[in-house]
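Undergrad: Residues per chain, in single letters:
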Amino acid sequence: MIPYIPIRQFLGVLAVWLPLLCSAQAPNFVKDNFTKKEVYIPMRDGKRLYTVIYSPKDESHPYPFLMERTPYSSGPYGDSVYKGSLGPNAALLQEKYIFVYQDVRGRYMSEGDFEEMTPHKEGKKSGKETDESSDTWDTVDWLLQHVRNNNGRVGIWGISYPGFYASASLPDAHPAIKAVSPQAPVTDEFIGDDANHNGAFFLLDNFDFDNFFDIKRPAPVKNYGGNIFRADIQDAYQFFLDLGPLKNANDSPYFNNQGKIWNEYMGHSTYDAYWRARNIRTHLKNIRPAVLVVGGWFDAEDMFGALRTYEAIERQSPHNDNHIVMGPWTHGGWAAGSWNRFGILDFQQNVNEVYHQIETKFFNYYLKDKDTSDLAEATVFETGANQWKKYSTWPPAEARPVKFYLRAGGRLSTEGKAAAPGARGAGAGSAAFDEYISDPAHPVPYIDGVHGGRDNQYIVTDQRFAAQRPDVLVYQTDVLTRDLRVTGRLKADIFMSASGTDADLVVKVIDVLPEREEGAAGTLPAGYQRLVRADVFRCKFRKSYEKPEPLVPGHATEISFDMNEIAHTFKKGHRIMVQLQSSWFPLVDMNPQTFVNIPTCKKEDFQKATIRVYHDGGHVSGIVLPVLAD
Amino acid sequence: MRKLLFSLLFSIGCFIVYGQGTSQDSVWIRDNYYKIEQMIPMRDGIKLFTSVYIPKDTTEQHPILLTRTPYSCAPYGGDKWKDFSSRYIRYYLREGYIVVTQDVRGRWMSEGQFVDVRPFIKDKKSNTDVDEASDTYDAIDWLVKNLPYNNGKVGVFGISYPGFYSTMAAASGHPALKAVSPQAPVTDWFMGDDFHHNGAYLQMDAWAFYSSFGKPRPQPTAVGPSGYDFRSKDSYQWYLQTGALKNVLKLTGDSIAFLTDLYQHPNLDEWWKVRNARVSMYNVKPAMLVVGGLFDAEDCYGAWNLYKAIRSQSPSTNSHLVMGPWYHGEWASNDGTHLGNVQFGSNTSFWYQNTIEIPFFNYYLKGKGAAPNLAAATIFFSGENKWRTFAQWPAAEKKDVSFYLQPDGGLSQALPAAKNNFSEYISDPAHPVPYTEDVHFNRTREYMTDDQRFASRRADVLTFQTPVLTEDLTLAGPVIADLKVSLSSTDADFVVKLIDVFPDDFSYGEEPAMAGRGHDLPKTYPMGGYQMLVHGEVMRGRFRESYEKPVPFKPGKIETVRFAVPDVAHTFKKGHRVMVQVQSSWFPLVDRNPQQFVNIYTCADSDFIKETIHVYHDSGHPSQLILPVLK
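In the order they appear, the protein sequences are chains Z and V. Here the first sequence stands for residues 1 to 630, where the numbers follow my numbering. Here the second sequence stands for residues 631 to 1261, where the numbers follow my numbering.
Check before you lean on any hint, since a few could be wrong.
[Said to hold, decoys possible] Among the chain V residues that face chain Z by a calculated CB cut under 10 Å, a handful are:
1. Trp868
2. Asp884
3. Leu1004
4. Ala1060
5. Arg1087
6. Met1157
7. Lys1240
8. Val1259
It is worth saying that the hints were derived from the structure and are not from the lab. For every residue, glycine included, the Cβ atom is placed at its ideal position computed from N, Cα and C.
Could you build all of it, start to finish, from the sequences and the hints given here?
TA: Below, the structure written as structure tokens:
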């Protein structure tokens, strides 16, 4: 059994260790060149936040601050124990900044109470009201006054949950904050980040993460000392199938009502005030610091957060100096020293070399007046072609939305002419719909094989195991006669009906490799169905995330949703495939397929459903791909 | 069988494990043997090409060990020698055996016409009535009369197709033939070996094997047939796309005579009955050692059932059975410690070679050693990983115990109490249940012990399991599946899989590495909760009443489908569970049933339809597995 490290927890570890492991710096570089100091910084309400400051020993010139605020510990704690590496990459460490790490309010050694995704308060009335913006402000204010030899400028970065704290520092930012890099920032956990996608609950991640993260802390601690419960899961599919309805997760020996965040999630199964208050996008207005948003195409947690944070700033702060970098990374993969491949994909270059230059220049320019500001608006790695591309707008304005229609006989085609009205039926070749039975006792696995935790390669692996199932619909184009470059917003627009009153729809866009030829060395195996993008939509939210509505059994309804941006070349000789299914287990909890409150529903509420997907004249299902001219 | 050929070739080059030979063996063999090649005349004048390795030693007379093969006695040329150095046959050479390999009639360098599993002629009337038994008789006769310094005693052995020729050798009745070991013998290609199981066509093995092996050989040749170029790495996709069986045959036209013939004989007719090797097993004279693998995907049926035929039809024959935890022919390899993810605790092949087979031939052919203290049956039990011996097989001590499918997915000895209760699934020929999870082209050996969790996750696979066992449960003998089913159409296949569910915290300590999955995690196979296939078998429903005269199902009518799963020898350990899975496809191992009562070999793609299948588990229609429980 490989011990499974919760991903967001893993990030903390990754961010600390990977630069150390992969950089060429001397082992004692930090200790030799920095002085460490630990302080409690008082906030406006009197609570004190534990802060660790690493100052360069060389005081020949002043330095800017580069700060990460984290719920994952600013440790190691103690004046004589140093982090192995500092800052977001090795070049910035060599550059020397005053590196600051802070335990956010209520976590580890900081005082106060922790709140999940602290809601931002607009127009704070009393001087005592706090949020992450004010805590960052107070911290910055204190640092400027109390830390020797600073140049009066502050940069902030963070990956994942710390990415949220970077975003949360932006509204009403302290004027000394000049450059902020939210990286895979947790942004909206109902619509697209860790906890839910389009209202569908990410069971595997939440169960695992909250078990680790949601343990009670009566007083400041250096170590939380374990998880809420022990679960030695070797086969997550079987484990969660056996667990049954979501409410059972709150039984002993699992959360047993000990998880505050878990209970909050269970208590808020629609996009209500709880979730809306935690959507930081709303507040990304009048943003002054320069922003560099970073995200990964293979980030199973917060790809949405990166793309949508950038978008929100563009839209709501049009004059902001805002940039985005999207690369072929898993969650936080850009923090590693090198990144040449992921799973069976080989990028044939160290993509992190390009990225670390961008990141280094960004902070150097805004905080040190060093280097140039030749940063592109959007720097995007195009998968399939394995090339970095630069765009002056994101998504690129020149991308043309092209609808690929689902057609009878498993075809996917840009020809929209559909079957004649009235052709609906079971006759071979003329059926105006395809159907399958979605059985909650046998959900479609999100990946083949047996895995204890979420295998983050699911996001690119072969989907043939799914195509072999009767509860997965498959549509594919003819073999492409030329490369098809697709860059921009991807949308799904599916007409479906269900025999029950709710259902999930999972849409997967797949790059199918040629069946009968091996490619060059290093390419994927023949016939491989490489997942390019997938997402889930919980159909009860088709009209509103706030006010779910039951499906009308047997009645065709349009399920239309955004699947975020992609940047991919489907090469000549390949095919584009779409797979549709109604479960993605246990990545996403099983929809009971009846219109009930899922966190409180019972085993009996789970029903088989017949799902139909239509491709007749009146109901032309398809996906919209943003096609770029060559 | 093709697999075996490859595997032996592979083992010559690559296996470096316990029992490994050395170049010293090669040098010793070259120094102490000479090779001749001989065309040996048969009674009808046809000559068979024979390669003979003879000891130079003239101080004593030597026994002859003969293998007759359709796979070539290559290398050809008196100066070109087989590489025996990494194969256990080197031990026979060290013992001074004359080692003979013969190309059977019509193959490779032999004259005459090849006939697949050539029917045995019981009453031969003239010298033109030849069969493999007469060819073996004539070959032995020539060898003992012409080879210098032979001791007049001959043994025959062979694996797979050569196992069939070993059976035919035993039927030859030549007085010099003292000991025969048919190993994984091809025995009945309709009922249970390579081509069909209970009438269902094993298309993947048949096609992969015969698309090259079945090509015509107009003239004797030292050059083998080329393989068919499938241009695919994905057999599931290839067979699904190719579609109906008639489309597959079109790919080779009428060039593969045997497949063309096979397509003409969808039922168990005379054509098949004369190709059942068991019809030759009466009044068998030599000592017999039948050998097979519990997990042999090709001819495990042949080994179990040839032995049973000898015992019942020729009861006074000195016959023995050895079954180990092996893939096809693995007992001749240097390994035998594991198959796929399942481990067997010791090198069972090495044990077999040294404890059973070599002493067997040494005693009967050389008079060396005491009469081997060989039980009637020496059987390895997976699960407990132990050899056991029996005075008869199936074991006299076994008791048939009904395990009933239960409404809640349970499996227990109690008759189900519910009324009118069934589980249902839709069997969709467009999405058949895969026989194994990984994408691959050649049929794997390991599927025989593969984790069945991938199948449990499908709605078209029914799963029933016992509670956690509180004591060991040992099975020793054939398993009978007795299903009460109704169909929405007129035919269906039923695949029954007997599965050992390992405890959730199970670990071997050092888990097997996972190969080629394209995932970084986990590096080793997670054995906790492993659903080990102990044995699976398919039954083509139309044959439920008769293999000769298939009958359609009446839609909606509850009918019995009863069939035997080949013998198992397995202990479900305390803490494990017994699981049964029922499904209606096993693809592409078995061709898809169109699910209509049509001729499957000639039907069209459009004949393949979805159907709903009910498997009953109520008091009036209890479906059950009858397990051979050893007390």
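Undergrad: Now tell me, hint by hint, if it's right for this structure.
TA: Comparing the hints with the structure gives:
no.: 1; hint: Trp868; in the structure: 8 Å, holds
no.: 2; hint: Asp884; in the structure: 25 Å, violated
no.: 3; hint: Leu1004; in the structure: 41 Å, violated
no.: 4; hint: Ala1060; in the structure: 7 Å, holds
no.: 5; hint: Arg1087; in the structure: 6 Å, holds
no.: 6; hint: Met1157; in the structure: 8 Å, holds
no.: 7; hint: Lys1240; in the structure: 8 Å, holds
no.: 8; hint: Val1259; in the structure: 28 Å, violated
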